[in-house]
Every structure is written in structure tokens, then in C-alpha cells.
Amino acid sequence: AQSVTQLDSHVSVSEGTPVLLRCNYSSSYSPSLFWYVQHPNKGLQLLLKYTSAATLVKGINGFEAEFKKSETSFHLTKPSAHMSDAAEYFCVVSDGEDSSYKLIFGSGTRLLVRP
Amino acid sequence: GAGVSQSPRYKVAKRGQDVALRCDPISGHVSLFWYQQALGQGPEFLTYFQNEAQLDKSGLPSDRFFAERPEGSVSTLKIQRTQQEDSAVYLCASSPLLQAYEQYFGPGTRLTVT
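First to last, the protein sequences are chains P and R.
Letter by letter, the first sequence follows residues 1 to 115 of the numbering used here.
Letter by letter, the second sequence follows residues 1 to 114 of the numbering used here.
For the record, the hints were derived by calculation from the structure and aren't laboratory data.
Worth double-checking, as some hints may not be accurate.
Unchecked claim - Okay, derived cross-link-like pairs now, BS3-like style, lysine-lysine, Cα gap no bigger than 30 Å in a straight line:
| no. | chain 1 | residue 1 | chain 2 | residue 2 |
| --- | --- | --- | --- | --- |
| 1 | R | Lys14 | P | Lys69 |
| 2 | R | Lys57 | R | Lys14 |
| 3 | R | Lys11 | R | Lys78 |
| 4 | R | Lys11 | R | Lys57 |
| 5 | P | Lys49 | R | Lys57 |
| 6 | P | Lys69 | P | Lys49 |
| 7 | R | Lys14 | R | Lys78 |
| 8 | R | Lys78 | R | Lys57 |
| 9 | R | Lys78 | P | Lys42 |
| 10 | P | Lys68 | P | Lys58 |
| 11 | P | Lys49 | R | Lys11 |
| 12 | P | Lys68 | P | Lys49 |
| 13 | P | Lys42 | P | Lys58 |
| 14 | P | Lys49 | R | Lys14 |
| 15 | P | Lys69 | P | Lys58 |
As the list claims (entries may be wrong) - Selected chain R positions facing chain P (in silico; Cβ < 8 Å):
| no. | residue |
| --- | --- |
| 16 | Tyr10 |
| 17 | Phe33 |
| 18 | Asp63 |
| 19 | Phe105 |
Note that beta-carbon positions come from the ideal geometry of N, C-alpha and C, so glycine has one too.
Could you build the full structure based on these sequences and the hints that come with them?
Encoded structure:
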């Protein structure tokens with residue numbers, strides 16, 4: 001079965017400093033991986049996706065993630081945090097080739113950005 | 001254009017009451033999904049519709065949960081005889097593609113069972 005583990009429940013950074021949100025996955029096949037962001041009172045928004053093409057994936061708002069098969073990781077990074085980045089971030093894997101629509105979410109990382 | 005909308009945004013129910021949660025997907029989207037998000041957790045898959053057909057209901061936690069999409073657009077998630085453990089945010093998502101992992105989410109309905 002596919003699963004993801006988000007290693008930090010909370011991350012706090014100062015505005016203008018780099019962001020690193022960690023995610024490890026477990027999959028019996030070549031996975032499709034995603035990062036979603038959830039702002040308060042708003043729907044989940046897709047930040048970026050990896051689907052077996054380039055291992056370094058660029059997303060919206062300056063975020064990017066690198067798929068590392070040897071480390072089974074898919075960490076999310078951003079060079080410089082902005083106040084508007086404060087939100088909950090979810091690492092997600094799709095369930096499998098026959099049920100790729102079934103998204104499996106991690107437990108989330110809450111990002112706090114200090115002024 | 002309009003995104004996925006859900007109503008009501010907040011619902012308080014007494015234990016044992018039935019509730020109905022509505023989802024209006026993006027117009028023309030063939031796929032529709034329901035997820036349940038407990039407090040402090042990530043969303044968990046409940047069910048999947050392709051047009052009006054419910055192709056996967058493996059995530060529904062009990063037979064008290066029922067979902068329908070009779071005309072292939074609006075969907076309703078019904079919970080009968082609500083229990084306290086049903087308290088969660090219920091998210092709806094839609095996609096223009098079949099069996100798609102790219103999904104557009106609504107803001108959710110927060111259900112509190114007292």
C-alpha cells in the first residue's frame with residue numbers, strides 16, 4: 001500500500017528565509033506525488049506534482065520539490081518565505097495504477113512565517 | 001470561473017440526526033470525489049463518481065454514509081444517525097478527467113455532532 005509521512009507537524013521560519021517541508025513516501029511502484037496547500041477557509045490547492053518525468057518539479061508561488069528515489073523523499077522547498085505562505089501543507093501520493101484517483105494524504109505540516 | 005462549492009459551510013447536528021451535505025462541482029467535470037478530514041489530520045478518501053456512476057465507495061466508514069450524484073453534476077453526501085466520531089470537515093473535489101489525480105477541491109463543510 002502507498003503512504004506518505006510528513007516528518008514535521010509544525011515548521012516556523014522567518015520571512016525571507018528558506019522553507020523546507022519534509023516528506024517521505026512508501027510505494028510498491030513508481031508513484032505520482034503531489035504537494036497541496038490549504039489556507040484557512042479555502043479549498044486545497046495543488047502546488048506541484050511529480051509523475052515520473054523530471055525529478056525536480058517546479059510549482060506555483062516559487063515552490064519546488066525534488067523526487068529522490070534512493071531516499072524515498074519528496075521534500076518541498078522555497079528559497080525565501082513570504083507571509084502569505086503561512087498555511088497547512090500536505091504531501092500526497094496517488095494510490096496506484098488501478099486507483100490513481102484515490103489520493104492518500106499525509107497528516108500535514110503547518111507552516112508559520114514570522115515577520 | 002466558479003470553483004467547487006459546498007453547502008452548508010458549517011453544520012451542527014445532534015447525535016442521531018440525519019444530515020445532507022451538498023457539493024456543486026465545476027461545470028462539466030465528469031469526476032467527483034468526497035473526502036473526510038478529521039481535526040489535525042489529512043483528508044481521507046470516501047467515494048468516487050464518474051458522471052452519475054459511483055465507481056468506488058471503499059472509503060465510506062459505515063453503512064450510515066451514503067452518496068449520490070443522480071444527474072452527473074451536483075452530489076449529496078448523506079449521513080444517517082450521526083455519531084460524535086462523524087465530526088469532521090467533508091471535502092468535495094472534481095476533475096475534468098476520468099480517474100484523475102488532478103482534483104479541484106471545495107472549501108469543505110465542517111460537521112459538528114453534539
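These are the hints, each one checked on the structure:
1. Of the pairs offered as hints, the one joining Lys14 of chain R and Lys69 of chain P is violated, with about 48 Å between alpha carbons and a cut-off of 30 Å exceeded.
2. The straight-line distance between the Cα atoms of Lys57 of chain R and Lys14 of chain R is roughly 26 Å, inside the 30 Å bound, and the hint therefore holds.
3. Our distance criterion of 30 Å between C-alpha atoms is met by Lys11 of chain R and Lys78 of chain R, whose separation comes to about 13 Å.
4. Simply put, Lys11 of chain R and Lys57 of chain R have alpha-carbon atoms about 23 Å apart, close enough for the 30 Å limit, and the pair holds.
5. With a C-alpha separation of about 25 Å, the suggested pairing of Lys49 of chain P with Lys57 of chain R holds against the 30 Å cut-off.
6. Restraint check: the Cα-Cα separation between Lys69 of chain P and Lys49 of chain P comes to about 15 Å, which is no more than 30 Å; the hinted pair holds.
7. Taken as a hint, the Lys14 of chain R and Lys78 of chain R pair is honoured in the structure, with Cα atoms around 15 Å apart against an allowance of 30 Å.
8. For a cut-off of 30 Å, the pair hint linking Lys78 of chain R to Lys57 of chain R stands: about 13 Å separates their Cα positions.
9. A hinted pair counts as satisfied when its Cα atoms are at most 30 Å apart, and Lys78 of chain R with Lys42 of chain P qualifies at roughly 23 Å.
10. Among the hinted pairs, Lys68 of chain P with Lys58 of chain P is consistent with the structure: their alpha-carbon atoms are about 15 Å apart, no more than 30 Å.
11. Between Lys49 of chain P and Lys11 of chain R the CA atoms are separated by roughly 33 Å; this puts the pair beyond 30 Å, and the hint is violated.
12. Of the pairs offered as hints, the one joining Lys68 of chain P and Lys49 of chain P holds, with about 14 Å between alpha carbons and a cut-off of 30 Å not exceeded.
13. Taking the CA atoms of Lys42 of chain P and Lys58 of chain P, the gap is about 22 Å. The hint holds against a cut of 30 Å.
14. Our distance criterion of 30 Å between C-alpha atoms is broken by Lys49 of chain P and Lys14 of chain R, whose separation comes to about 40 Å.
15. Taking the CA atoms of Lys69 of chain P and Lys58 of chain P, the gap is near 17 Å; set against the 30 Å cutoff, the hint holds.
16. At a threshold of 8 Å, the smallest CB-CB gap from Tyr10 of chain R to chain P is about 11 Å, leaving the interface hint violated.
17. Because the closest C-beta pair between Phe33 of chain R and chain P is about 7 Å apart, less than 8 Å, the hint holds.
18. Because the beta carbon of Asp63 of chain R sits about 20 Å from the nearest beta carbon in chain P, more than 8 Å, this interface hint is broken.
19. With a cut of 8 Å, the hint placing Phe105 of chain R at the interface with chain P holds, because the nearest CB-to-CB distance is about 4 Å.
Of the numbered hints listed earlier, those contradicted by the structure are 1, 11, 14, 16 and 18.
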